[in-house]
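Last residue of the sequence shown: 474 (this note's numbering), numbering continuous.
Worth flagging that the hints you see were computed from the coordinates, not collected in a lab. Careful: at least some of the hints might be erroneous.
Distance ranges between label pairs, derived from CB positions [said to hold, decoys possible]: (1) Asp449 with Gln365: 24 to 32 Å; (2) Cys465 with Pro367: 15 to 23 Å; (3) Gln317 with Arg474: 27 to 35 Å; (4) Arg310 with Lys469: 13 to 21 Å; (5) Met466 with His360: 15 to 23 Å; (6) His439 with Ala318: 28 to 36 Å; (7) Ala322 with Leu442: 14 to 22 Å; (8) Ser357 with Gly453: 28 to 36 Å; (9) Gly453 with Pro367: 28 to 36 Å; (10) Gln326 with Glu470: 27 to 35 Å; (11) Gln365 with Gly453: 33 to 41 Å; (12) Gly453 with Asp366: 29 to 37 Å; (13) Val379 with His439: 30 to 38 Å; (14) Asp366 with Leu450: 29 to 37 Å.
The model shown is predicted, which means the values in this text are computed figures rather than measured ones. From the three backbone atoms N, C-alpha and C, an ideal C-beta is built for every residue, glycine too.
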Amino acid sequence: MSSIIIRSFQEQDQAAVEALYRQGFDLYKDFCPEIHMLTHWFIEDKLAEGGDMSCIHKHYIQDPQKRFWVAEKDGVVVGCVGGILGGSVQDDGVSDEHTIHTPSSNHTPSHPTPTSSPSTLAPAQPSPPLPDTYPHVELVRMCVSDLVRGDGVAAMLLNTLCMYAKERGCR
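Put together the whole structure using the sequences plus the hints.
Take a look at the structure:
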């Protein structure tokens, strides 16, 4: 039996992740066409130019508050998951507002207060961050190939995200 490797997303993974993401929602097409139609629209919106899945490197890897991992088996991408530290959830489940509490901050609220836009983010804090810097992490864009479902791939991806979050002060 081949082992599963969890690693950070690399730019050459883009096409494989897009195909996996589309395939993950195709299972609805036969038994529930209405759900398939809605999920198809959602998927294509996220993969369209400007969507967070259209350029994973830009949207997840270049942002210090976001990460994206893939699960690989025999050189083939068989799963993926993204994570966003802090922020607030919008209707589509993706954060684009973040708060970073700096060491000079006199007041550290128990819940993050969104800033006006992602472009106003303070510079990333040195590691390890303050305990309240990132009170939570959002799991986004998790998908596992039906070829490896039941093999623990989702749990491995989730554990990777949880370890990343804990290292950055999430509880």
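So the hint says 13 to 21 Å: do the beta-carbon atoms of arginine 310 and lysine 469 match that?
holds (19 Å)
Do the Cβ positions of glutamine 365 and glycine 453 conform to the proposed distance bound of 33 to 41 Å?
Holds, at about 34 Å.
Verify the CB-CB distance for methionine 466 and histidine 360 against the hinted window 15 to 23 Å.
holds (22 Å)
In this structure, is the beta-carbon distance linking glutamine 317 and arginine 474 contained in 27 to 35 Å?
Holds, at about 33 Å.
Using the C-beta atoms of aspartate 366 and leucine 450, is the stated range 29 to 37 Å upheld?
Taking Cβ atoms as reference, aspartate 366 and leucine 450 lie about 30 Å apart, which means the hint holds.
Falls inside 14 to 22 Å, the C-beta gap from alanine 322 to leucine 442?
holds (21 Å)
Please check whether aspartate 449 and glutamine 365 have a Cβ separation lying inside 24 to 32 Å.
holds (31 Å)
Using the C-beta atoms of valine 379 and histidine 439, is the stated range 30 to 38 Å upheld?
Between valine 379 and histidine 439, where Cβ atoms are some 32 Å apart, the hint holds.
Holds or violated: 27 to 35 Å for the Cβ distance of glutamine 326 and glutamate 470?
Taking Cβ atoms as reference, glutamine 326 and glutamate 470 lie about 31 Å apart, which means the hint holds.
Can you let me know if the beta-carbon spacing of cysteine 465 and proline 367 is within 15 to 23 Å?
Given range 15 to 23 Å: holds, Cβ gap about 18 Å.
Range hint 29 to 37 Å: satisfied by the CB atoms of glycine 453 and aspartate 366?
Once the Cβ atoms are compared, 33 Å apart, the range 29 to 37 Å for aspartate 366 and glycine 453 holds.
With 28 to 36 Å as the target window, see if histidine 439 and alanine 318 comply at their CB atoms.
holds (31 Å)
Hint compliance for this structure: every hint is met.
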